[in-house]
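A.B. asks: Residue numbers (this note's numbering), protein chains in the order written: chain E, 1 to 324; chain D, 1001 to 1258.
Calculated from the structure, these hints are not laboratory results.
Be aware that a few hints might be false.
Stated by the list, open to error - Covered stretches of chain E, as calculated for chain D (at least 3 residues, CB under 8 Å):
(1) 87–101
(2) 104–115
(3) 234–243
Unchecked claim - With the C-beta cut set under 8 Å, the calculated list includes, among others, these residues of chain E facing chain D:
(4) Lys12
(5) Tyr32
(6) Leu119
(7) Asp122
(8) Tyr124
(9) Leu157
Said to hold, decoys possible - Derived DSS-like pairs (lysine-lysine); straight-line CA-CA distance at most 27 Å:
(10) E/Lys129 - D/Lys1002
(11) D/Lys1254 - E/Lys149
(12) D/Lys1254 - E/Lys125
Glycine included, every Cβ here is placed at the ideal spot set by N, Cα and C.
Each chain, letter by letter, is given below.
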Amino acid sequence: MITLTNINKTFKIAKRQAGFGRAVKALFSREYTLIRALNDVSFSIADGEMVGYIGPNGAGKSTTIKIMCGILTPDRGECVIDGRTPWRNRVAHVREIGVVFGQRSQLWWDVPIIDSFELIRDIYKTDAKTYQNSLDELTALLDLSELLKTPARSLSLGQRMRCEIAASLIHNPKILFLDEPTIGLDAVSKIAVRQFIKKLNAERGTTVILTTHDMQDIEALTRRILLIGKGRILLDGSLDELKKRSTERKTLVVEYIGNAPVLCEGMTPCETREGRVVITLDPVILSVSDAITRLAAQVSLTDVSVLDVSAEEMVAGLYKEYEI
Amino acid sequence: MKLYFKYFALHLKSQMQYKITFALNILGRIVMSFATVTGVLFMLTRFHEVDGFTVSQVLLCTSVVSMAFSVAEVFARGFDIFPQLLGNGEFDRALVRPRGIIFQILASHIEFIRLGIFMQAAAVLCYAIPKSGVNWTPNKIVTLVLMITCGAAVFFGLYIVYASFAFFTTEGLEFMNILTHGGREFGRYPFAIYGGGVLKFLTYIVPLALFQYYPLLYLLGRTQNSFYMLAPILALVFLIPCYAFFRAGLRRYKSTGS
């Protein structure tokens, strides 16, 4: 059980200005900008839940994760994870969590992966039997048997990510934090990673908190989404709910012959090319049939397709809606 | 401690992946560090002695400081490159593991190629020991060992201070090199030759002289005071403020991020 109550975090960033004179001046009196990274963030996550934590860059995702991992201390507010406050009982807390930073490696570059794993086993004081079970299970699920004897430097990014994830799970943590686990992976590796996370959650009952910019991750994995923007939790709900909210909007892909049509109220152009236009439609203002009629009056249509909004666009829409 | 050896073995294994690079690096460092020795030799062929110390006695001093420094460099490498660890997230990784922070930083970086200086210094020491005119007794051997080990500890403390500064700023940290690398360079000669002010600073503030100048006097029989013999142990007190400073930096890091 993870509970965050009114977590606040402000960063003080020294203003840096160009020019030598100002740099010298800055030595004596610095100007600071206060950045409210987190503003009364509260939510709770039950055991075994899988949550997607999304928001644009700089919204406060990493800061929240770092607080939950015990790396950062918030200014105000409480965070209780299975009865522990992460920044007060760091050692006891981190024993129970696994963390994957998608862009950073914890594997040793020049020695076989298995050596890294064994070191991690010793760091966490995992006993031999638990380790062996865990390793067997992870090897089977992530298809690592070929990789264990290879040094990290000769693995592809996708292979390495699978090993990274395994490395974070050797000690059997109850909670797994994944910070952009699929960044830079090819389609096959992405799918493998997603399937694994799903299985892990189903079989071990591990609580998974996932930050990502890849909406397909969210669609494939999580039922619940937390949307953060400008340090505030803007939305906490299921993906389906969100979809319902935004299915009101439709996307219209129109191919035509003739001059570009003039769009009227309720139509927002997304993409315009000679002979093709993609329009987002707000059906409250303008119905689909009206829109098509209006377009048909101006140009000769060759193809029209009506689409629901994709998760990607939905989130972009949300960002816009909340102006983040 | 067992875990430290595991790390140790892994470092050895990964650095041995490139055996030729490793060997060449060590060799390079040995050759390079002879420059230090030749510097001392050139000086002393002109002046024959410095402040009453003969060539071999100065070489004794040079090699002890070099050995202490290189031990610190090999084992405290993590603190030496600490700003990097903060930047690349390795430090955050240490924070999410259930072990002491200082331990993890120490264990996660051990650089064996820096042993080159140690080997070279040990060779010089072997040369200087019989020639320095020291009347070797068990006590004096203990003193010599103390000078090297406690010296390494003081340099280690300086690296911790350096790392702690990195929590507060990432710029202008080079000034610390005056004490670390400078300590080694100036430590080629007994610190007293730089004058009373410097000696006081290096006794009470940054206790480099406590493992170099004072025990050297004892070794050379210029004093019988056993306080001078044990001065290196006193230098260990320096680690306390270093540690406190690191804790303060860590607290700040946890509240500011980076």
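A.B. asks: Does each hint hold? Answer for all of them.
C.D. replies: Hints, one by one, checked against the model:
1. 87–101: Coverage by chain D holds here, the residue count being 9 at a Cβ distance below 8 Å.
2. 104–115: holds (count 7)
3. 234–243: violated (count 0)
4. Lys12: Status holds, d = 7 Å.
5. Tyr32: Not OK, violated: E/Tyr32 not within 8 Å of chain D, min 11 Å.
6. Leu119: 6 Å, holds
7. Asp122: Since the shortest Cβ distance to chain D is 5 Å, the answer is holds.
8. Tyr124: With a minimum Cβ separation of about 6 Å from chain D (threshold 8 Å), the hint on E/Tyr124 holds.
9. Leu157: The hint is violated - E/Leu157 has no Cβ within 8 Å of chain D, the shortest such distance being about 17 Å.
10. E/Lys129 - D/Lys1002: Distance of about 19 Å is within 27 Å: holds.
11. D/Lys1254 - E/Lys149: 37 Å, violated
12. D/Lys1254 - E/Lys125: 26 Å, holds
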